[in-house]
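**Student:** Using the sequences and the hints given, assemble the complete structure.
When we follow the numbering used here, the leftmost residue of the sequence shown carries the number 81, and every step to the right adds one.
Simulated from the structure, these hints should not be mistaken for lab results. One or more hints might be untrue.
What the hints assert, rightly or not - List of simulated lysine to aspartate or glutamate pairs, EDC-like, C-alpha gap at most 20 Å:
1. K318 / E155
2. K227 / D262
3. K318 / E306
4. K227 / D243
What the hints assert, rightly or not - Computed Cβ-Cβ distance ranges for the label pairs, DEER-style:
5. L198 / A356: 13 to 23 Å
6. A356 / V299: 33 to 43 Å
7. V143 / G229: 33 to 43 Å
8. E271 / A246: 18 to 28 Å
Please read these numbers as outputs of a predicted model, since none were measured by experiment. No residue lacks a Cβ here, since even glycine has one placed at the ideal position from N, Cα and C.
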Amino acid sequence: MPFSLLWHNLRRHWMRSLLTIGSLGIALFLITALRALVNSLEAGVRGAAGNRIVVGSDVSLWVQLPTSYQARIAEVPGVEALLKWQWFGGYYKDPADLFAQWAVDKHVLFDVYPEMKLVAGSMDEFLARRDACLIGTELAATYPEWKPGTTIRLLGNTYPRTDGGAWQFYCAGVYEARMPVDNRSMFFDYEYLERAGEAGETMYWPGCMLYVARTADGVDQTRVIEDIDRLYENGPQKTKTQPESEFNRQFVSMVGNIPALMAAIGGAVSFAIVIAALNTMLMASRERTRDIGIMKALGFTDGVAFGLMLSESLAISVAGGVLGIGTALA
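**Tutor:** Here it is as structure tokens:
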């Protein structure tokens with residue numbers, strides 16, 4: 081195989097070679113990025129625990145459930161641990177830089193989510209201080225000034241303070257968890273929000289967005305779900321209880337069928353790659369008619385000529401693939 085001819089042919093039309101490599105790189109970058117997006121959306125569904133159920137309003141996710149529901153749900157046979165989830169909706173410096181903050185029952189947080197592990201700080205401080213919070217490892221990396229023992233100041237959108245000031249949270253520790261728990265979240269005590277509302281320090285509506293329960297091993301989860309929904313079948317606020325995996329799947333579907341959309345875009349990009357590569361090969365083969373004739377006159381076989389063309393195409397494809405996938409992974 082005359083590899084010197086391969087390098088010569090690639091340099092003959094260097095601009096076309098670079099543009100082809102660039103177009104292939106961009107296309108593969110898009111496919112890789114889209115696949116990563118779909119995987120991240122589906123990770124919450126795949127990582128959902130089989131022994132957790134989510135109780136929300138049958139009307140809408142954003143309709144709050146009364147806090148009085150908690151005691152009765154906790155008494156349902158098969159429910160081992162139960163906590164409130166309430167969206168806080170604050171921001172640090174820029175309202176556009178969003179991350180989740182959740183008011184929860186901190187004393188049972190690690191019972192319901194045993195996959196959460198404290199990697200820095202003090203659990204005792206988190207449980208003892210009403211203003212204490214835990215932040216995920218990714219959030220701690222985003223804001224390196226947030227360390228155990230420091231004060232985190234957030235401005236409230238959903239719960240603005242009546243004095244116009246910032247909420248103050250004591251960072252008691254940093255947690256790490258696998259999906260579906262996001263490592264870019266903050267958890268603090270629901271009672272801290274509740275007491276502030278009762279004192280008139282913020283606009284507060286008693287209730288919570290969700291209840292999350294951990295069921296006992298071996299129980300019929302379908303029966304537990306039916307028992308919970310039967311409690312409030314006639315109000316005052318009808319509930320919709322479902323396994324955590326189904327809740328996560330429906331939450332993702334709220335923004336549309338993202339996987340199908342990404343698959344359609346990826347298919348279109350793949351088709352464009354094939355057309356671009358085919359067009360380049362056809363142009364190169366037409367230009368090489370005279371060259372191939374000379375090679376055959378010198379004694380080279382048809383297989384060598386074909387291998388040279390194929391090697392040129394593979395070299396361009398590999399270069400474009402390395403560029404696109406490498407950029408996506410960087």
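**Student:** Which earlier hints can't be squared with this structure?
**Tutor:** Result: hints 4, 5 and 6 break, sorted rising.
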